[in-house]
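Colleague: Residue-level listing of the chains:
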Amino acid sequence: MEESGKEQCYRTVLNVLAKRGWQLVRDETGFAEKICAELRQRETTDTPERVAIERATIRHYCQVLHGACSESGSSLQKRAFEELWRYLYPIALYKTHNADLAQDLTQQALEKVWKKISQCREPGSFLSWATLILINEIREHYRHKGHREEKSGESNWVETEIVESEMEHSDESEEHSEFSQRRNASIDDGFSQAVTDETQRELFAIIRTCIKNPQQQKILVDSFFNDKGYKEIAEELGITVGNVHVLRHRALSALRKCEAFIQFIEDQLQ
Amino acid sequence: MTQQSPSSRNRRIRQALKSPRVHALSPQLRLFAQAVWNIPDQRGAHARCHADLPSFVDAEIDGHLATWHGSFVHEHLQTCHRCSTDYAELLEIAILDSRGLMNQRSSSSSPNLSFLELPHD
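Quick note, the sequences are listed as chains A and B, same order. Each residue of the first sequence is one higher than the last, beginning at 1 in this note's numbering. Each residue of the second sequence is one higher than the last, beginning at 1 in this note's numbering.
Pulled out of the complex, with its shape left as it was, chain B reads as follows:
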């Protein structure tokens, strides 16, 4: 048997994880392996994840994360580094806010709200 190089082994695993062969793995192991090799799932997944991410993070702060187990956003966050980075950043802000560390009632700066006069697309 010829010795395969690490890069060709990694390439073959990546291909297998994108193919129907992936179903040979248990659901948990499939997600885990896809996370290790950063295998993206279906098209439009990031946008779909972003739409649900605020509610997901709020549920985690409320202590109700269990209601999201097995959901699309929960699984996508396991495998997608990009979306899990957004999750970590949003969660960090939410935790600081829940501890009263973000709330500043007064600010010397103010917004320019002239855009509110424009026609809405």
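Same shape as in the complex, but just chain A:
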């Protein structure tokens, strides 16, 4: 017998809870009902249904977790912080590659979450909020140490990938690579989407002159003139969001030193 959409939705919600080991929901059926009813009303068409259900489940569970972490002195609060530990610790381990250090930094992050929980503006994004606290704890740790060694053998979290990506780019034969033709077509498309007037046309010509790397050109135009986020740009270029961030930073630095761009801005400011 074919499973109805409603049953499928319930099952997806309960699977998310089980897969992640999330146990703070007292009435799982009621929890699933609420999420599925909300999704039916919204009728989201821009994301696949299963993904939309999973994301909605995470958002609703964040509210439950936030509420439980705020319940001072209760056993629920203790369980909530244990769950938060299980979420944050793998992130710290991924960032540090050191189990002892990950444990210390996760502990510090948990204590900060507890102290600052009233500052969490959106309980539906509680896990991202807690992750941001952890990221800052990790950064502070390395800043105090006075050097960056987040991953042994790497100068920073994305530098190696960037270097490899740029080496691949310089090795390929631009004229004959099908991939590079597709990529350049996509970059041209990005430029033409963004052009709204003569000033922008001139600016984009200068960007092409000052920035030789087509990936960097695309990142600048999509990020600033096509309103795209790092995720979308990274997917289109087949690189990580860390790569996008570093390549964007490098492109901005290159423009600051480029005579044609400096002259263009001076003229615009007259």
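Quick caveat, the hints were computed from the structure, so don't treat them as lab data. Since the model is a prediction, treat every value here as computed from it, not as a measurement. Among the hints, a few may not be true.
[As the list claims (entries may be wrong)] EDC-like cross-link-like pairs, simulated, lysine to aspartate or glutamate; straight-line CA separation at most 16 Å:
(1) A/19 with B/97
(2) A/78 with A/111
(3) A/116 with A/71
(4) A/6 with A/28
(5) A/112 with A/140
(6) A/116 with B/52
(7) A/212 with A/259
(8) B/18 with A/266
(9) A/6 with A/54
(10) A/19 with A/54
(11) A/231 with B/62
(12) A/6 with A/33
(13) A/112 with B/117
(14) A/6 with A/49
(15) A/112 with A/82
(16) A/115 with B/117
(17) A/231 with B/86
(18) A/6 with A/38
(19) A/78 with B/117
(20) A/231 with B/97
(21) A/34 with A/7
(22) A/145 with A/104
Since the structure of chain A is already known, use the hints to place chain B on it.
Modeller: Structure of chain B alone, referenced to chain A:
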């Protein structure tokens, strides 16, 4: 006309980008130029950005980034290298988590939750 050194030209541009003259530029070009010269905007901007950043990143993962276009956090991330680094790191973790690559149900380590017994400030 005397030739200006690159550093003095950069200094003059930075000053102009912080002054009312910046409004001679279109909004997009203003943000772009401020990003190139890393011009900070108003005081307290980093804290305000940090408060909204988790929801911003979740919206991007959900495919609803368009609802944030023109918002304070969106504009601040364009011009602030420090906050855009946090954005990139948080987004990277969120993407890995959404692909199931971060979820580890069991961990041999455990937290010390004695701080929960302390009085909350």
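Colleague: If a hint holds in the structure, say so; if it doesn't, say that too.
Modeller: Evaluation of the provided hints:
{"no.": "1", "hint": "A/19 with B/97", "verdict": "holds (12 Å)"}
{"no.": "2", "hint": "A/78 with A/111", "verdict": "holds (12 Å)"}
{"no.": "3", "hint": "A/116 with A/71", "verdict": "holds (14 Å)"}
{"no.": "4", "hint": "A/6 with A/28", "verdict": "holds (15 Å)"}
{"no.": "5", "hint": "A/112 with A/140", "verdict": "holds (13 Å)"}
{"no.": "6", "hint": "A/116 with B/52", "verdict": "holds (15 Å)"}
{"no.": "7", "hint": "A/212 with A/259", "verdict": "holds (14 Å)"}
{"no.": "8", "hint": "B/18 with A/266", "verdict": "holds (14 Å)"}
{"no.": "9", "hint": "A/6 with A/54", "verdict": "holds (14 Å)"}
{"no.": "10", "hint": "A/19 with A/54", "verdict": "holds (11 Å)"}
{"no.": "11", "hint": "A/231 with B/62", "verdict": "holds (11 Å)"}
{"no.": "12", "hint": "A/6 with A/33", "verdict": "holds (9 Å)"}
{"no.": "13", "hint": "A/112 with B/117", "verdict": "holds (14 Å)"}
{"no.": "14", "hint": "A/6 with A/49", "verdict": "holds (12 Å)"}
{"no.": "15", "hint": "A/112 with A/82", "verdict": "holds (15 Å)"}
{"no.": "16", "hint": "A/115 with B/117", "verdict": "holds (12 Å)"}
{"no.": "17", "hint": "A/231 with B/86", "verdict": "holds (14 Å)"}
{"no.": "18", "hint": "A/6 with A/38", "verdict": "holds (12 Å)"}
{"no.": "19", "hint": "A/78 with B/117", "verdict": "holds (10 Å)"}
{"no.": "20", "hint": "A/231 with B/97", "verdict": "holds (14 Å)"}
{"no.": "21", "hint": "A/34 with A/7", "verdict": "holds (13 Å)"}
{"no.": "22", "hint": "A/145 with A/104", "verdict": "holds (15 Å)"}
Consistency note: the structure conflicts with none of the earlier hints.
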